[in-house]
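> If you want my numbering, it's the position in the sequence shown, counting the first as 1, plus 1218.
It is worth saying that the hints were derived from the structure and are not from the lab. Idealized CB from N, CA, C, for every residue including glycine. Please note: incorrect hints may appear among the correct ones.
[Said to hold, decoys possible] Taking CB as the label site, the calculated pair distances span: (1) His1294 x Leu1331: 14 to 22 Å; (2) Gly1329 x Ala1229: 34 to 42 Å; (3) Lys1339 x Ala1236: 34 to 42 Å; (4) Asp1310 x Ile1235: 42 to 50 Å; (5) His1294 x Lys1339: 17 to 25 Å; (6) Asn1290 x Leu1234: 50 to 58 Å; (7) Leu1238 x Pro1332: 26 to 34 Å; (8) Leu1281 x Pro1228: 55 to 63 Å; (9) Arg1330 x His1294: 14 to 22 Å; (10) Lys1227 x Glu1296: 54 to 62 Å; (11) Ala1256 x Ala1304: 23 to 31 Å; (12) Ala1273 x Tyr1328: 23 to 31 Å; (13) Pro1332 x Lys1260: 24 to 32 Å.
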Amino acid sequence: MAPSQKKFKPAGIAVLIAVLTAIFIALGFAVSNWSTMAKARKLKNPVPATPAVLAQAKQLYQLHCQSCHGANGDGHGEKAPELSVAPGDFTDVSKMRSVSDGELYWQITYGRLPMPAFKDKIDEQGRWALVDYIRTFSEKTPATSSTGASSASATSNQ
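Turn these sequences into a full structure, and let the hints guide you.
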């Protein structure tokens, strides 16, 4: 083996170790995030969707969420075109059925770029109330809005 080849061997090992370390760190974050979401999925909403709660949450939504998610919860707010990721569409019934209250609460609480975290801006009760209000957007179907069958939907239309 030539002397110049021996000099590259320790450098190659150092690069390999650095790459493997980065991979393990990334995997650690991914597993941590997955387990956090698994825990969040199991959280139960302690705030009932009463007319008073929905009215409070509507005000919070208008103040903190509407500019990105839109007045109708469809993800078409005035700031949406400026964002690197499209805001969630709360009117998508299929998607909203697949997301638990705990997951919505976690997303509101901790955010994910470009969405900010609201843990320090909205108290716990308010964040749970927002979950209730967000759910009303996917309840607005022709059957419920024309018959008035859903009191939550009717309240959110005011």
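> All the hints need checking, so say for each whether the structure fits it.
Each hint, compared with the structure:
1. Here the CB-CB span from His1294 to Leu1331 is close to 20 Å, well matched to the stated 14 to 22 Å.
2. For Gly1329 paired with Ala1229, a C-beta distance near 41 Å keeps the hint of 34 to 42 Å intact.
3. Distance hint for Lys1339 and Ala1236: a CB-CB separation of about 38 Å, consistent with the stated range 34 to 42 Å.
4. The hint said 42 to 50 Å for the Cβ distance between Asp1310 and Ile1235, and at roughly 45 Å that hint holds.
5. The hint said 17 to 25 Å for the Cβ distance between His1294 and Lys1339, and at roughly 23 Å that hint holds.
6. For Asn1290 and Leu1234, the Cβ-Cβ distance of about 52 Å falls inside the hinted range of 50 to 58 Å, so the restraint holds.
7. In this structure the hint that Leu1238 and Pro1332 lie 26 to 34 Å apart at CB holds, the actual value being about 31 Å.
8. Taking 55 to 63 Å as the suggested C-beta distance range, the pair Leu1281 and Pro1228 conforms, at roughly 58 Å.
9. Separation of Arg1330 from His1294 is about 19 Å and conforms to the stated range, judged on CB atoms against 14 to 22 Å.
10. Checked against the hint of 54 to 62 Å, the pair Lys1227 and Glu1296 passes, with Cβ atoms roughly 58 Å apart.
11. Roughly 25 Å separates the CB atoms of Ala1256 and Ala1304, a value that falls within the hinted 23 to 31 Å.
12. Take Ala1273 and Tyr1328: their Cβ atoms lie about 26 Å apart, and the range 23 to 31 Å holds.
13. Between Pro1332 and Lys1260 the beta carbons are some 27 Å apart, a value that agrees with the proposed interval 24 to 32 Å.
Of the numbered hints given earlier, the model fails none.
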